[in-house]
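> Below are the chains, spelled out letter by letter.
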Amino acid sequence: MILGKVIGTVWSTRKDENLVGAKFLIVRHLDLEYKPKEATVIAVDSVGAGVGEVVLVAQGSSARQTAFTKNKPIDAVIMAIVDKLDISVKEKNKEAVEV
Amino acid sequence: MYLGRVIGTIWATRKYETLAGYKMLFVQPINAEYKNLGGPIVALDTVGAGPGEIIFYVTASEAVIPLDVDMAPVDASIVGIVDSINVQSM
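So the protein sequences, as listed, match chains D and X.
Read in order, the letters of the first sequence correspond to residues 1 to 99 in the numbering used here.
Read in order, the letters of the second sequence correspond to residues 1 to 90 in the numbering used here.
Hints in this document: simulated from the structure, not taken from any laboratory.
Relax, there's no trap hidden among the hints.
Calculated lysine-lysine pairs in the BS3-like style (CA-CA distance at most 27 Å, straight line):
hint : chain 1 : residue 1 : chain 2 : residue 2
1    : D       : Lys-90    : D       : Lys-5
2    : X       : Lys-23    : D       : Lys-90
3    : D       : Lys-5     : D       : Lys-70
4    : D       : Lys-37    : X       : Lys-35
5    : X       : Lys-23    : D       : Lys-84
6    : D       : Lys-90    : D       : Lys-35
7    : D       : Lys-35    : X       : Lys-35
8    : D       : Lys-37    : D       : Lys-84
9    : D       : Lys-70    : X       : Lys-23
10   : D       : Lys-37    : X       : Lys-23
11   : D       : Lys-90    : X       : Lys-35
12   : X       : Lys-23    : X       : Lys-35
13   : D       : Lys-5     : X       : Lys-23
14   : D       : Lys-35    : X       : Lys-23
15   : D       : Lys-5     : D       : Lys-37
16   : D       : Lys-23    : D       : Lys-84
In this text, all values refer to a predicted model and were calculated from it rather than measured experimentally.
Using the sequences plus the hints, can you model the full thing?
Quick look at the structure:
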């Protein structure tokens, strides 16, 4: 899963009929110090997340593993709202190769 | 599967109901020479891994298989703690 922050909402009336009723939130990726990165993703909410909340997003086919998103064309779902984050292993990362 | 190092923990009380009871850890993906590869991710812990430990994790919807629920929105689960890595050649 990726760490992110909900920064907004996407409204869409003309869309795949399977997506009727889905709430699309815009989530910006965060780094471990909660600093925003460039990337954003449109994710369907499954836990009642609101704008400004720090969340976790599951992506790919796993996003269809909820009651609402089952068999729908959805590849990102907000599945947790973060209370606390603890980074215990701090080390200057030895960047090997850019993936 | 991918190699990683556990670098931290996440607490999230409000989460998808079938995830109750599972710990979520921060994992820094590494290569076989223990070098960092890209940014950290969050993975569900199914083997009791702790901070600093070298682990391997499975991604995509296969990440749901280790859990004893039939549906869970999880795209990374730690499935093993590494004892040693032996690389013969480049």
